[in-house]
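J.: Here is how the chains run, residue by residue.
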Amino acid sequence: MNERVLLVEDDASIREVTSLGLEQAGFRVTQVGDGREAIVQFHHAPFDLVILDVMLPSLDGYEVCRQLRRESRVPILMVSAKGDPVDVIVGLELGADDYVRKPFELHELVARARAAVRRAAEAPDEPVLVRGDLEIDPGAFAARKGGEELPLTATEFKLLLELARRPGQVFTRELLLERVWSYEYLGDSRLVDVAVQRLRAKVEDDPKEPKLVQTVRGVGYRFAASS
Amino acid sequence: MPERAIRPGRLRRRLTLAFTLAAGLSAAALAAGSYVLVREARLSDSVDRALEQSTFNLVLANDLLADGTGPDQTDELLAAYERRGAFEVVGRTGKRTFSSSLSVRMRQVPDDLRGLVQRGDLAYERVDVAGARYLVVGGRVADADTELYYLFSEDRLFDELVQLRNILLGGVAALLLLGALAGMLLARRTLRPVARASAAAHSLAEGLLETRLPVESADEFGAWAASFNEMADALEAKIAALSEAQARERRFTADVAHELRTPLTALVAEASLLADHLERMPPEARRPAELLVQDVARLRDLVEDLMEISRIDAGQARVRRERVDLAALVPALVRSRRWDGRVRVAGDETVVETDPRRVERIVGNLVGNALEHGVGDVEVRVAQDPAGALVEVSDQGHGIPPEELPRIFDRFYKGDPARAGPGSGLGLAIALENARLLGGDLHVESDFGRGSRFTLRLPVTKPLPHGEPAVATDDEDRERPDQGGTP
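Top to bottom, those sequences are chains A and B. By the working numbering, the letter at position 141 of the first sequence is numbered 146, and the numbering carries on one by one without gaps. By the working numbering, the letter at position 36 of the second sequence is numbered 79, and the numbering carries on one by one without gaps.
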């Protein structure tokens, strides 16, 4: 344990109690009160996880998420106080791995923080998978297409690996939530949909006409059977 | 509609009829009056002229018959009369009768007239001779035991009277028709503002608050239209003010809920941290801490419910439809809420195109409500009928008193305080709003003392038949294996 968490939250009370909860769960927490400071801190030291509130002074959570994603694959957990679920989707599309709605139970936040860190850290001991011109190296946590490294986040990588292990098999959203995010009943199936979109954007030749990660309408997704 | 039949044409018909009757009756009275007057005048005129001529004729007869009353004298008299023309003569002198024409005979002269003449009077009477009308004037030539009767034809007079009558009747009929027509037009014209006002009131009732009547005339209808418009103005202003107030109230609710969220988030996190350490607390602090944790959870539920309902009120609630099997969704929900032991679910596969999160919210609220108020098990039945899909949640609780049923979906309505549970009071209202958002509806039936049944109805939007290219990605997915097979 002792993973390092960057906690970005502008409300002092929430920041303090969240930090307390995370520390009791074994995280090392760095507290930050606004967006700009978050970017500075992130450059200052390495982190295993960023917990990011959406409504922040100076630079909002979306913008922070966008900037972090440009340079890092660090797991990002968004915390949204906004009522509209669309805000959540925006965060996910910008590259967040997961989200928690305010108000949250500390257990839930801790569980999601742990799952996100685990996704990024556990390198499965598996041989390299080759699917067409796609190479997936579980040990190195890296995927290459035509020899070029794909900039996948840990969650996207896990999702790709999960699907590519069994080409042709259909995965329901619930199954993917359980396997990739390690949630049961906790998750929102939109996490899967948004992650698949992001994965397609990086993996497919034409993300609008996906050939590798296919939709099975009304059921879920599958990786194309080998051609 | 059965209690009073409204027939819009009735007043118009009545007005038309009244107008027609008035026009017709006055025309008829006028016609009848003038006919009678003309008839009397013409008839007495005819009598006057006949009497005058007869008097002269008698004087002539007196002269001619002064020397005797033989056939020669009477022939001479008849010849003299013939020259005067325009009447027939029949006469008697002694036992002998004579006449100017074969068609007239003494027996055609009525006896009562002859009686009068024999007494020496100049008398007249109207008679029919073989279909022809005559005015018979009789007189006596006093010195020569002779009666003379002059027959003046009145056929033309009566023909003219018949003609006059026919013309008058025709005129009355024409006036009647004209009156009916004018009455109809007039009634329609008069009642048009009424019809227009009726349509305007109807469209006001339909919610078109900007409806106004044209003020066309400076009469009672004009005044009426003006005051109708005044009323509509007032109504529109009032409703605008009301909905403005309602919108303000809703915004306020949304703002309050939103502002509560930040301190509430801290509270919830703090309470959950506190809950982890309850065992290690000194006994006197432990119970209050337990209560604090519970109450924070209640506060959280309330604020969440308020947020949700204000989102729906503001029209910000979004529906994300996908294919959902209700018979799979409901058991999964029951399991995830750990209600397995107390809730039985039955039903076959029922696939609908709907937002699963909202269905979960509705069914969750209904089952939670049933568990809270019911005794014993709760039963959930998923089914499909021609009208759509339905989810029934039945409990065997106390039921709901009939007088409370209509208010059961009201916000913050909790019924009998003695039976009020720990809920926010918004659960059923939220369930109903969500059901409507999904195009469905929510109903309750209750047998007081025995239990209640809530029925959620959802429309089944038919999924596209398989094999039809609905979405580009779908198409791609199906084509893929073929492409792989033909490199």
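Incorrect hints may have been included.
Chain A side only, calculated, beta carbon under 7 Å to chain B, not exhaustive [what the hints assert, rightly or not]:
| id | residue |
| --- | --- |
| 1 | Ser-18 |
| 2 | Ile-19 |
| 3 | Thr-23 |
| 4 | Lys-107 |
| 5 | Glu-110 |
| 6 | Leu-111 |
| 7 | Val-115 |
| 8 | Pro-132 |
| 9 | Gly-152 |
| 10 | Gly-223 |
List time: in silico SDA-like cross-link candidates among lysine to any residue, alpha-carbon distance up to 25 Å [to be verified]:
| id | chain 1 | residue 1 | chain 2 | residue 2 |
| --- | --- | --- | --- | --- |
| 11 | A | Lys-150 | A | Leu-64 |
| 12 | A | Lys-207 | A | Ala-147 |
| 13 | B | Lys-457 | B | Gln-427 |
| 14 | A | Lys-213 | B | Asp-420 |
| 15 | A | Lys-213 | B | Val-362 |
| 16 | B | Lys-281 | B | Glu-302 |
No lab work stands behind these hints, which were simulated from the structure alone. Don't be surprised by glycine CBs; every beta carbon is placed ideally from N, CA and C.
J.: Each hint: holds or not?
T.: Evaluated hints:
1. Ser-18: holds (4 Å)
2. Ile-19: holds (5 Å)
3. Thr-23: holds (6 Å)
4. Lys-107: holds (4 Å)
5. Glu-110: holds (5 Å)
6. Leu-111: holds (4 Å)
7. Val-115: violated (9 Å)
8. Pro-132: violated (24 Å)
9. Gly-152: violated (22 Å)
10. Gly-223: Interface hint status for A/Gly-223: holds (4 Å vs cutoff 7 Å).
11. A/Lys-150 - A/Leu-64: violated (35 Å)
12. A/Lys-207 - A/Ala-147: holds (13 Å)
13. B/Lys-457 - B/Gln-427: Between B/Lys-457 and B/Gln-427 the Cα gap is close to 31 Å, so the pair fails against 25 Å, i.e. violated.
14. A/Lys-213 - B/Asp-420: violated (50 Å)
15. A/Lys-213 - B/Val-362: Within the cut-off at roughly 24 Å; holds.
16. B/Lys-281 - B/Glu-302: Roughly 31 Å between the alpha carbons, so the hint for B/Lys-281 and B/Glu-302 is violated.
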